[in-house]
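Following the hints, position chain B with the ligands against chain A.
Each chain is listed here by its residues.
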Amino acid sequence: MSEQISRDNLRTLVAGWLAAGKKVVGPVQVKPGMALFAPLRSADALLLDRWVRPSNSIKEVVFPRHEALYGYRIGKNSVELFDAAVFEEQIVIGAHPCDAASLPILDKLFNWDFQDEIYNQRRAGVTVISVACTESDDECFCTSVGLSPSAERGSDAMLLPRADGGFDVRLLSDKARGLFAEAKLAAGSDGQAAYAGPASKFDPAQVGAFAKDHFEDPFWAEHALACVGCGACAYTCPVCHCFDIVDEGNGREGVRARNWDACQYGMFTLHASGHNPRNNQAARQRQRIYHKFYMYPEKFGEILCTGCGNCARNCPEGLGVLPVVTEVSHG
Amino acid sequence: MSETNGFEPKIVAYVCNWCTYLGADLAGTSRLEYPSNVRIIRLPCTGRIDANLVVKAFEIGADAVLVSGCHPGDCHYNAGNYHARRRWILFRELMETIGFDMRRLHFSWISAAEGKKFQQVITEITEKTIALGPYNPYGAEPRVEPLSPMPQAAAGACDPAAELELRTAAKRVLESGQANVVIGYGARGPVFITRPDDVDRLVWNANCHQNLATYLKRKEIRALGKAAIVMKGCDERALIILERESQIARPDLHVIGMACNGMGQPKCAACDTRETRFADEKISSAQPPADMPDRYVAVDQILAMEPADRMAFFTAEFDRCLKCYACRQVCPMCYCERCIADKNRPQAIDTSPHRQGNFAWHIARAMHLAGRCVGCDECTRACPAGIDLRLLNLTLARTAEQQFAYRAGMDPALDPLIGTFSLQDKEEFIR
Ligand code: SF4
Ligand code: SF4
Ligand code: SF4
Ligand code: SF4
Chain A
1 MSEQISRDNL RTLVAGWLAA GKKVVGPVQV KPGMALFAPL RSADALLLDR WVRPSNSIKE
61 VVFPRHEALY GYRIGKNSVE LFDAAVFEEQ IVIGAHPCDA ASLPILDKLF NWDFQDEIYN
121 QRRAGVTVIS VACTESDDEC FCTSVGLSPS AERGSDAMLL PRADGGFDVR LLSDKARGLF
181 AEAKLAAGSD GQAAYAGPAS KFDPAQVGAF AKDHFEDPFW AEHALACVGC GACAYTCPVC
241 HCFDIVDEGN GREGVRARNW DACQYGMFTL HASGHNPRNN QAARQRQRIY HKFYMYPEKF
301 GEILCTGCGN CARNCPEGLG VLPVVTEVSH G
Chain B
1 MSETNGFEPK IVAYVCNWCT YLGADLAGTS RLEYPSNVRI IRLPCTGRID ANLVVKAFEI
61 GADAVLVSGC HPGDCHYNAG NYHARRRWIL FRELMETIGF DMRRLHFSWI SAAEGKKFQQ
121 VITEITEKTI ALGPYNPYGA EPRVEPLSPM PQAAAGACDP AAELELRTAA KRVLESGQAN
181 VVIGYGARGP VFITRPDDVD RLVWNANCHQ NLATYLKRKE IRALGKAAIV MKGCDERALI
241 ILERESQIAR PDLHVIGMAC NGMGQPKCAA CDTRETRFAD EKISSAQPPA DMPDRYVAVD
301 QILAMEPADR MAFFTAEFDR CLKCYACRQV CPMCYCERCI ADKNRPQAID TSPHRQGNFA
361 WHIARAMHLA GRCVGCDECT RACPAGIDLR LLNLTLARTA EQQFAYRAGM DPALDPLIGT
421 FSLQDKEEFI R
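Protein chains in written order, with this note's numbering: chain A, 1 to 331; chain B, 1 to 431.
Derived from the structure by calculation, the hints contain no laboratory data.
Treat the hints with care, since some could be wrong.
Rough simulated footprint, nothing fancy, chain A against chain B, three-plus residues with beta-carbon under 8 Å [as the list claims (entries may be wrong)]: (1) 70-79; (2) 310-323; (3) 345-356; (4) 370-382.
Pair by pair, the computed Cβ-Cβ distance ranges are [claimed, not checked]: (5) A/K22 x B/I60: 27 to 37 Å; (6) A/R177 x B/P142: 28 to 38 Å; (7) A/A84 x B/N136: 20 to 30 Å; (8) B/P293 x A/G146: 46 to 56 Å.
Lysine-lysine pairs mimicking DSBU-like chemistry, simulated, CA-CA at most 35 Å apart [as the list claims (entries may be wrong)]: (9) B/K10 x B/K217; (10) B/K128 x B/K171; (11) A/K175 x A/K31; (12) B/K56 x B/K171; (13) B/K426 x B/K56; (14) A/K31 x B/K56; (15) B/K219 x A/K212; (16) A/K76 x B/K171; (17) A/K76 x B/K219; (18) A/K76 x B/K56; (19) A/K299 x B/K116; (20) B/K219 x A/K201; (21) B/K56 x B/K117; (22) B/K128 x B/K217; (23) B/K343 x B/K116; (24) B/K426 x A/K212; (25) B/K217 x A/K31; (26) A/K108 x B/K343; (27) A/K76 x B/K117.
Virtual Cβ for every residue (Gly too), placed ideally from N, Cα, C.
So that you can see chain A by itself, here it is in the shape it has in the complex:
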């Protein structure tokens, strides 16, 4: 036995949140062939009827592409500093398990030697309602990184699609129970056997082990030739988290802002002296794999990848993590 909600009742629930002025983020169709996680303008815009893998990730709810950290305003005889107000209640609906799992992974980074208040404030306002996957595509590999199409990590609620179009509902946190308090739930039998997901494609531990003693290896140069350093992989990855700090303003007012940045850019490691420790694309590709499968695990005890496949789907040149690491682990 479990609790269920019909698709119509779920939409009504979402419409109720929107009517109450809550910010709800979910997959929406941007143009033919492209879905993105974005704030919903209406409950009807939410893509619920079929499996879609949005081209972006949900990290933007806790780590926006651009955010003011603080600002200044210069008056006649004063300088006023102000904190950026960031707390906001945000509901994410329609995340996949590979999206939801990104948040606890990011929590570790933003609370390591320095507790990032701005990140933490945003994080506290987020409720993630995931939908279990019923399909996957060639680039998906959640099952290779310890997740699965119905893994609950990072989710406040999990909706499991039923054959009748509705969902079995698993409420996993008080936040989610609060949001579903008004929902029309029905008791019923479990909908269907969970989808097992893609077959495992590689072993991340093997990738880490290879990385450990192959820093100088022709492998990297060979596998990075096609990379044009566009950063689409990192910007659409749910757990890539590098940023740049910029000051923007004029003599009267301005902000210090944090903007996304990525290891695939030549400018990322360029020193003021002109020296660039990662002065070719092979070094940058190697960095991305190292960070995810060797450095992050060394420091935080888990890999920096949820198997979503976005890096490969978005790479204009057919790269991404999967094709490279499968080469590593298949030797």
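Leaving out everything else, chain B with the ligands in the frame of chain A:
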């Protein structure tokens, strides 16, 4: 003075040092009164007034912008104003497509002797701007409904014999030492074949989208030595520009031209370069489709909207921009060592992916490719935010074709569109 209703517009005038600035000076010394709303910024020459300065003025709150310099024939540097005029023609079309309010953008020729004209122009612009009211191009409500789908061509059949022929050709050039690397397509994407035994990794199918010319600018690929490259007819146009701009030594490059029946991309619908024209060897053959749509239908669709709707449409598009610069990285024509977007002294384009920074980037990118973009659509294909950069590229390509009979990368004998000018360039928009 006219009735202002309390609204004092800010008008930025970018003027050249030798004519309009002296004209303004003369107006002053002759005690000719003109409204104090204008902020004059003096630059050496209109040829040095970058389109992004105009955008910058709007960013920081200008309600109208004037760009003014020496009359044709009077340029202190000989031809700076002619070069400027050609760029303004392109810039105006771009701004028109995006939906900027063109009544806010003014151009004039004012000589050192024309203090009176300076007074008149400034007075008129001020009055007109007061009547229009304050301007904030960055305040549009994004329009989210997608456009009707663009014409799409089905992918054509690929000649299976062509793939074999390609592999044979690759093997031959590698074995003979004619090239050290063959840049071609593999199962997942571009491959770089250096050993004759590996030529079977080369494929030729309907997924050969990439314009491989972009790799010729990458130092990692240049380091591999002399290259042979697989080119479609559309891609080859990039080679023509790159050679014209001294980026490649064409004789050192071996081009294997593949006839193409379409890769199922929007650009393929109106493609008239199904075969390469200047390849060193050509494989297979292909015919242009019998009924080719107009190349610029997508621009017509946009222009059919009201300017405010166009602005709302592009606001929604640009709002999605992440400033990842994937569009730039894949572009075969974007080869600058340091892109203007990565320069911060001065910072012409805000680095942040907020609305103003994104508008500035998209306008700069399009303008820097005016007359150079070969329409390969790699930028649009690569954009992870699904932004239709093509619409901006096509706008400028159409202007180049209609006004200057120029199509980038079609005729190797033609001088570059930007960097040359004609005394006949249209100037009905200049006062
Ligand atoms: S590295 Fe690639 S597959 Fe892994 S989480 Fe990031 S985008 Fe997804
Ligand atoms: S791997 Fe692909 S997506 Fe990532 S930077 Fe390189 S070309 Fe871009
Ligand atoms: S701007 Fe876009 S369409 Fe034009 S040459 Fe560059 S990548 Fe190709
Ligand atoms: S590729 Fe797209 S998202 Fe990235 S900078 Fe270009 S337009 Fe913006």
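Status of the hints after comparison with the structure:
no., hint, result
1, 70-79, "violated (count 0)"
2, 310-323, "holds (count 3)"
3, 345-356, "holds (count 5)"
4, 370-382, "holds (count 3)"
5, A/K22 x B/I60: 27 to 37 Å, "holds, 35 Å"
6, A/R177 x B/P142: 28 to 38 Å, "holds, 35 Å"
7, A/A84 x B/N136: 20 to 30 Å, "holds, 23 Å"
8, B/P293 x A/G146: 46 to 56 Å, "holds, 50 Å"
9, B/K10 x B/K217, "violated, 43 Å"
10, B/K128 x B/K171, "violated, 68 Å"
11, A/K175 x A/K31, "holds, 33 Å"
12, B/K56 x B/K171, "violated, 53 Å"
13, B/K426 x B/K56, "holds, 26 Å"
14, A/K31 x B/K56, "holds, 30 Å"
15, B/K219 x A/K212, "holds, 27 Å"
16, A/K76 x B/K171, "violated, 74 Å"
17, A/K76 x B/K219, "violated, 52 Å"
18, A/K76 x B/K56, "holds, 26 Å"
19, A/K299 x B/K116, "violated, 72 Å"
20, B/K219 x A/K201, "holds, 33 Å"
21, B/K56 x B/K117, "holds, 26 Å"
22, B/K128 x B/K217, "violated, 48 Å"
23, B/K343 x B/K116, "violated, 40 Å"
24, B/K426 x A/K212, "violated, 64 Å"
25, B/K217 x A/K31, "holds, 32 Å"
26, A/K108 x B/K343, "holds, 33 Å"
27, A/K76 x B/K117, "violated, 39 Å"
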